[in-house]
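There are 2 protein chains.
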Amino acid sequence: MSDHKPLILVTNDDGITARGIAFLVECMQEIGHVVVVAPNSPQSGMGHAITISTPLRLYPTTIFPELPAYECSGTPADCVKLGKHHVLKDRAPDLVVSGVNHGSNTAISVLYSGTMSAAIEAAIEGIPAIGFSLGDFSREPDFSHIRAHVLSITRNVLERGMPKGVALNVNFPIKAAEPLKGIKICRQANAKWQEIFDERRDPHGRRYFWLDGEFVNNDAGTDTDEYALAQNYTSIVPCQFDLTAYKVMDEMERWNL
Amino acid sequence: MSDHKPLILVTNDDGITARGIAFLVECMQEIGHVVVVAPNSPQSGMGHAITISTPLRLYPTTIFPELPAYECSGTPADCVKLGKHHVLKDRAPDLVVSGVNHGSNTAISVLYSGTMSAAIEAAIEGIPAIGFSLGDFSREPDFSHIRAHVLSITRNVLERGMPKGVALNVNFPIKAAEPLKGIKICRQANAKWQEIFDERRDPHGRRYFWLDGEFVNNDAGTDTDEYALAQNYTSIVPCQFDLTAYKVMDEMERWNL
Numbered sequence: 001m002s003d004h005k006p007l008i009l010v011t012n013d014d015g016i017t018a019r020g021i022a023f024l025v026e027c028m029q030e031i032g033h034v035v036v037v038a039p040n041s042p043q044s045g046m047g048h049a050i051t052i053s054t055p056l057r058l059y060p061t062t063i064f065p066e067l068p069a070y071e072c073s074g075t076p077a078d079c080v081k082l083g084k085h086h087v088l089k090d091r092a093p094d095l096v097v098s099g100v101n102h103g104s105n106t107a108i109s110v111l112y113s114g115t116m117s118a119a120i121e122a123a124i125e126g127i128p129a130i131g132f133s134l135g136d137f138s139r140e141p142d143f144s145h146i147r148a149h150v151l152s153i154t155r156n157v158l159e160r161g162m163p164k165g166v167a168l169n170v171n172f173p174i175k176a177a178e179p180l181k182g183i184k185i186c187r188q189a190n191a192k193w194q195e196i197f198d199e200r201r202d203p204h205g206r207r208y209f210w211l212d213g214e215f216v217n218n219d220a221g222t223d224t225d226e227y228a229l230a231q232n233y234t235s236i237v238p239c240q241f242d243l244t245a246y247k248v249m250d251e252m253e254r255w256n257l
Numbered sequence: 001m002s003d004h005k006p007l008i009l010v011t012n013d014d015g016i017t018a019r020g021i022a023f024l025v026e027c028m029q030e031i032g033h034v035v036v037v038a039p040n041s042p043q044s045g046m047g048h049a050i051t052i053s054t055p056l057r058l059y060p061t062t063i064f065p066e067l068p069a070y071e072c073s074g075t076p077a078d079c080v081k082l083g084k085h086h087v088l089k090d091r092a093p094d095l096v097v098s099g100v101n102h103g104s105n106t107a108i109s110v111l112y113s114g115t116m117s118a119a120i121e122a123a124i125e126g127i128p129a130i131g132f133s134l135g136d137f138s139r140e141p142d143f144s145h146i147r148a149h150v151l152s153i154t155r156n157v158l159e160r161g162m163p164k165g166v167a168l169n170v171n172f173p174i175k176a177a178e179p180l181k182g183i184k185i186c187r188q189a190n191a192k193w194q195e196i197f198d199e200r201r202d203p204h205g206r207r208y209f210w211l212d213g214e215f216v217n218n219d220a221g222t223d224t225d226e227y228a229l230a231q232n233y234t235s236i237v238p239c240q241f242d243l244t245a246y247k248v249m250d251e252m253e254r255w256n257l
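Listed in order, the protein sequences are those of chains A and B.
The first sequence finishes on residue 257 if you use the UniProt record's numbering, and the numbering steps up by one all the way, no holes.
The second sequence finishes on residue 257 if you use the UniProt record's numbering, and the numbering steps up by one all the way, no holes.
Hint data in this document are derived by calculation from the structure and do not stem from the laboratory.
The model shown is predicted, which means the values in this text are computed figures rather than measured ones.
Relax, there's no trap hidden among the hints.
Note that the list lumps identical chains together, so a pair holds whenever it fits in one copy or between two copies.
Below are the DSS-like pairs computed for lysine-lysine, each with C-alpha atoms no more than 27 Å apart in a straight line:
1) Lys164 <-> Lys247
2) Lys181 <-> Lys247
3) Lys164 <-> Lys89
4) Lys5 <-> Lys89
All chains, please: the whole structure from these sequences, using the hints.
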C-alpha cells in the first residue's frame, strides 16, 4: 500500500453476507484499498448499540477472497471500533463507508439505523464517513442505478474532507423506470413510525409481540430527505452527533430549578 | 385515576431489578400515578436499538407490589413503545422518566445510552421526557443527595412542558462530602471514549475481545455537562433528535455532485 490510494473501511448492518455490502465493496475497489469489518449476523435496528457486557469475536473470512475481511459478533458501531483500533491500528482509514443498507434510513430512522451508527461512530473518531441506504427491503435489490452516485459522493468526500463532527446519511430511491434525477442536500424529515404491536400466542399459549409500524410523514417541507426521494432524487443529510438543543438552553435558564 | 395527578411511565436500562429504578419510582410516587415498563435484563450500551427481528415478551411483575409494573424482553426504546402503545393505550402518559442510571451519561455517551434512548423515544412520541443518570457505577449507589433535584426538575417539566423535539439529559455527581451546589443548563461536552480492546483467549484457545476505554475530555469549555459535574453541580443538557447539521448544508451545495 505504498501508492496514494485511500484506505477505505467498509461495514454494514445487514451482515457480511448481504448483497448491499458486496455491491459497496465492488464500488470502493474502484477508488481505494478496501478492508471489510462487518457483523456476522443482521443488526438492523441496533441504533448506536455497543457490546460491553459480552466479549466480542472477530474472525478473518474468505467471503471477499481478494481482500482483508473480518466478520465480527458485534454491532456496526463495534465493527468500526474494532476496525480502527485493532485491524487498522497501524494506519487509520481515510474513509469509513457503511451499507448499502437494504431499506431506507430517512427521517427519524437515522436514530434506529445500524448503518448510520457505524458512520457516526467513525465521525466521532474524526474519520470522514458515509452511510448508504437504498429504499428497497428485498434480499436481492437492483443496485445498478446508484453506482454513479455512490462513486461521485465518495470521491467528493475524499477530495474535500468532511466538516468536523459530521457524517453523511445518503439514501437512494428504489429503481424506477426513469433514471435518477440528481442529488439533493436535505434536512431530516419530521416523519416517524406509528407503532403497531402485533400480539400473538406461541405454541405454549404465552403472549408475544411483533413490533410493526406505519411510516407517517407530517412534514410538508420540500427540503427534506423524504421529499427528495419521492421525486426520484438521491438525498444527502449531513448528520451531527452533538445532540444539544442550543435554542432551548436560554429558555431553560428561566426555569425555577 | 380520576384526580388530576399526572400519569408517569418509568423505565431504565439497567433492568427492572436495579436500585436506580426503585429510587426513581419512589420519587415519582410523590408526584403522580406511576406505571413501570422496564427491561428484564441489563441493557447498558444499547443506544437507540429496537427489537425488530425477534418477538417481544411483556409480563406483569410484582417487584413493585403497589404498582402496575411490567418486565419486557426488549430494549429501553422498546419499553417506551410498548408502554405507550400497549400498556397505556387508553391514556398516554404525561411524562416518561428513565433511570436513575448507575453511571454517568455525559458528553458522547448520550449516543450509547439506553437511558437516554428511552427519553428520546418518548420525545419522538411528543411526550415530555427526562433521563436521569448518577456518576456512580456501583450496584448499591447512594442516591440520597439527588432526591431534591429529581423532584424539582420533574415538577418543572410537568408545569412548563417540554419544547417540541427535545428530551432532557440529567446527570448527577457521585455523592461527595459537600452537598450539591445547584443545577446548570449545559451543552454536551466534546469528550469521548478512547477505546482499548482487551484481547484474551477462551479455554478453547479462541481469541476474544473486551471493549474497554478511557474517557478523554478535550473540551475546555465551562458550559459543558462534564465541567458542571466536576464542580459538583447537577447538569441538564436539552437533547434533540433532529441530527441535521444545518450549518453544513450551504457548504455542501457547492460540492460537485
